[in-house]
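Q: Residue strings, one per chain:
There are 2 protein chains.
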Amino acid sequence: MAISNRSQLAIKQGGWIRKMFEVAIELKQRFGDDNVFDLSLGNPIVEPPQEFTGEVAKLINSPPHGYHRYMPNAGYESTRDAIAQILTQESGLGFSHDEILMTCGAAGALNVVFESILNPQDEVIILAPYFGEFTFYIENHQGIPVVSQTNESFQPDLESLADLIGPKTRAILINSPNNPSGVLYPKSTLSQIGALISKKESELGSEIFLISDEPYRRIVFDDLIYPHVFEHHHASIAIHSHSKDLAIPGERIGYIALNPKYGHKSQLMEALIFWNRSLGFVNAPAIMQNTIRALQGVSVNIQQYQDKRDLLYSELTSMGYQVTRPQGAFYMFPKSPIENDIEFVNLLQEYNVLTVPGHGFGRPGYFRISYCVDDRVLNGSLEGFQKVASEFI
Amino acid sequence: MAISNRSQLAIKQGGWIRKMFEVAIELKQRFGDDNVFDLSLGNPIVEPPQEFTGEVAKLINSPPHGYHRYMPNAGYESTRDAIAQILTQESGLGFSHDEILMTCGAAGALNVVFESILNPQDEVIILAPYFGEFTFYIENHQGIPVVSQTNESFQPDLESLADLIGPKTRAILINSPNNPSGVLYPKSTLSQIGALISKKESELGSEIFLISDEPYRRIVFDDLIYPHVFEHHHASIAIHSHSKDLAIPGERIGYIALNPKYGHKSQLMEALIFWNRSLGFVNAPAIMQNTIRALQGVSVNIQQYQDKRDLLYSELTSMGYQVTRPQGAFYMFPKSPIENDIEFVNLLQEYNVLTVPGHGFGRPGYFRISYCVDDRVLNGSLEGFQKVASEFI
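Line by line, the protein sequences are chains U and G.
Here the first sequence stands for residues 1467 to 1859, where the numbers follow the numbering used here.
Here the second sequence stands for residues 1467 to 1859, where the numbers follow the numbering used here.
There could be a bad hint or two in this list.
Taking lysine to aspartate or glutamate and the DMTMM-like style, the derived pairs with C-alpha atoms no more than 20 Å apart in a straight line are [said to hold, decoys possible]: (1) 1494/G with 1543/U; (2) 1524/U with 1513/G; (3) 1485/G with 1564/U; (4) 1485/G with 1736/U; (5) 1727/G with 1673/G; (6) 1478/U with 1736/G; (7) 1524/U with 1517/G; (8) 1524/G with 1513/U.
Just so you know, these hints were derived from the structure itself, not from any lab.
From a predicted model like this one, the values you see are computed outputs, not experimental measurements.
One chain only, chain U, in its complex shape:
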C-alpha cells in the first residue's frame, strides 16, 4: 500500500468542499462556465486593495538588502511590532512583538498552536457548525476534537460547553465571524465563556486555552465592532490571517497573538517558534511579511460583501428559506427545506447551483452558501433556489 492508513481514511472521507470543487469542474465542462453557479468555495473574487499592490511595488522597486533570506523563525520584529501596535489600539491591552508570531496563514497557525499545547488524547472543544479542517488540525497533533452544538442561531450553548469540559479538556476553539454561519459572537458571550473556563479551571486544577480563530475579523457588517477575546480569559490565543481581509489567500500569511496578560506566555511562545520551524513552515513568506507591515489598518471593501449578504438574505427569506442573518464573513447557512441536507444540495445541483451540505461542518440539516462571488453568479443562482423552494417549502 503506497500510503498510510490515516491517509487512506482521510481521502475516503474526502471533505465536502473538495467534492464540490470536483463537481464544479465537471458541470462547467458540460454546461459552460456561465451556466454554473458555484457558491461552494470561500475564495474571494475581489482583488487585493490598491494599498497592497502599492506595498509590493515599493518592495520590488527598492528592495531592502537581503530581504529574501531567512529571518528569525518568529518573523521580522518590525512586522510583529506593527501588528502589536494595532492590537494594542483595538484591544486596549499593551501588546509587544514578543506576543506575536508570523505564520503561514491561519491553517499553519492552528497546527503550530496544537502541536505546542496538546499531549496525546487531550481534548479540544469545537463549536458546530465548524470549519471542517479543524478536526484534522487537532488530530494531526494527537488531540481529540469534541463537538459542542450551538443553539438555533449558531450562538454558543453554555450548558453544552459546561457539560463537555472535563479533565482532558485542553482548549476551546471558537471561530467568529463564523465559517459557515456568518454569525458574530457578542462580547457578552465571550465573557460568559471566559467565566465558565475560569470556573472549570479552578474545579479541575487545569489550564484551558481559549483559542480564537479570526480570519474574518475585519469582515464585519452593520457597523458592529469586533470584540477581542483577550480580556475574557488569561490563557487566550488569537489567530489571524490576511487571506480574507486583504484577499490574498494564495499567499499564506497570518499570525498568532498571545494574551499579554498570560503568565506562561514566554514559554508558550518558545514552543510556538520551535514548531513553526520544525513542522516545516520555517517562517511566514518574507515578501508577505514585508508587505503587510504597512497594511494593518487596511482591508478590502466590506460594503460589497454586505450588499451581497443583503441581496441574498432578502431573496432567500422571501422564497421561504429559514436563514440566520450573517453579521460577518461571506457565508450564509440556511436551513435545508428537507431533512437530508446532502439530498438537498444534490437537488440544487440539478439547477447547476453548487453549495456545501451542513454535514461538512458538523451540522446536518443546513447548507452553506459562499457569497464571495460575482453578482452575475449570485443572481444566476436565484432561479435554482426559487425552483427548489417552490417544490419543497
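Once you've looked at the hints, dock chain G against the given chain U.
A: This is chain G only, laid out in the frame that chain U set:
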C-alpha cells in the same frame, strides 16, 4: 504547564544551530559585528539572480487576474508543467505536472511526504551526518528515525544500510549534496542503494521509498553532473527547494516530484495533496509559484561558492585539519582535532569563530562550517582556525 511534553523535550534539546544563533547575537553585541566570524548558519548571503527580480517585477507590473487567490492545493498547473519539463530534460524520464506538487520549501515537502506514507512506528533510515531537523520531520508523523553511519568520506555504507533495513522500514532518506558534509553521492552509489532496496523489498514483501532531499541539487562544483535518483528505484521521491539555488530561503518555495514510473503514483499524489492542505500549508505561496515558473534553468552564481570552498579547503588542510573536500552545497565538515567536538567548537568561539558541532548532525567528532558568507567573514575566521590548530594539531 503551558506546553506539551513533546514541546518541553524539544526545546530542552534545543538544536545546535539555534544555540549558535543565540551565541552569535551575544558575541556581536560584545565585540561588534565586524569582529565575530559567524560560520554557523546556512543562510545564503548572495542576492537572488537578476532573472528572479525581473520575474517579480513583471508580475507586479502586469498582474494576472486573480493571482493571489487560492489555486488547487497542488499548485498552478503551469508551474508544475515547467518543473516537469526541466526534470524530463535532466533525467530523461517523461514527467508531467501530475507528478509534481508545489510545497512550502523542502521542510514543508518532507512533512507532507512523511504524513502521507508513515504508519505509527514505521522506520525511516537517515544517513549520518544528517540535517538535524530530519528527526523532527519523521517523528512529527509518528515515524522512527533510524541512523546509518556513513563511511569516512561521508559516503553511504551499504552494509550498514543492509543491516538496518527490516520489516518496519518504510523509507530511506538521502540528502546529496549533503548538509553538513558537502559530499555528492555518485550515480554508482545510488544504483547500489536502489539494488539493495529492491532486494530487500522482495525478501520482506514490503515497499520501501527512496526519498531524495535535494535543496543543493544545483550547487554542485567541478563541473559534476547531478545524478537523479529516479532511474535507480521505482518508489522514489525527489524533494527540491529554491531556497539555495535562487537564494530565497525566506520565501518558502519548493516541490515534490514523484518517479513517473512508480506504479502507485496517483494514489500517493492524492495523499500528498490532501496533507499539503490539511497539515496547514494549504498551498505554496502564489507569488513565488508565479515567479519560479520561468526560472527553472536559473541559479545563483555557483562559481563564488566554489571559490570559497577552494579558499577554505586549501587554508584548513594546510593548517593540518582533516577535511573531506566538498563537491557541492556550501558546507564543510572537518574532523575535530580533539575528540570532543563540542569542546572544540567552544575553543573556536574564544576566537569569535562560530561553527556547529557534529553532535548536531548525528556525527560527533566533526564540526560544520557554513561558508555561504562574505569573504571578509571567511578570511577573518582563518586566524582563529590557525590559533586553535597550532595548539591541538
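Q: Give a verdict on every hint.
A: Cross-check of the supplied hints:
Annotation: proposed proximity of residue 1494/G to residue 1543/U holds, straight-line Cα distance about 18 Å (limit 20 Å). Taking the CA atoms of residue 1524/U and residue 1513/G, the gap is near 18 Å; set against the 20 Å cutoff, the hint holds. For the given pair, residue 1485/G sits about 19 Å from residue 1564/U by alpha-carbon distance, which is consistent with the 20 Å threshold. Of the pairs offered as hints, the one joining residue 1485/G and residue 1736/U holds, with about 13 Å between alpha carbons and a cut-off of 20 Å not exceeded.
The straight-line distance between the Cα atoms of residue 1727/G and residue 1673/G is roughly 15 Å, inside the 20 Å bound, and the hint therefore holds. Distance check on the hinted pair: residue 1478/U and residue 1736/G sit about 11 Å apart at the alpha-carbon level, within 20 Å; holds. Proximity of residue 1524/U to residue 1517/G is assessed by CA-CA distance (about 18 Å); at most 20 Å being required, the pair is judged to hold. Straight-line distance between C-alpha atoms of residue 1524/G and residue 1513/U comes to about 18 Å, which keeps the hinted pair within the 20 Å bound.
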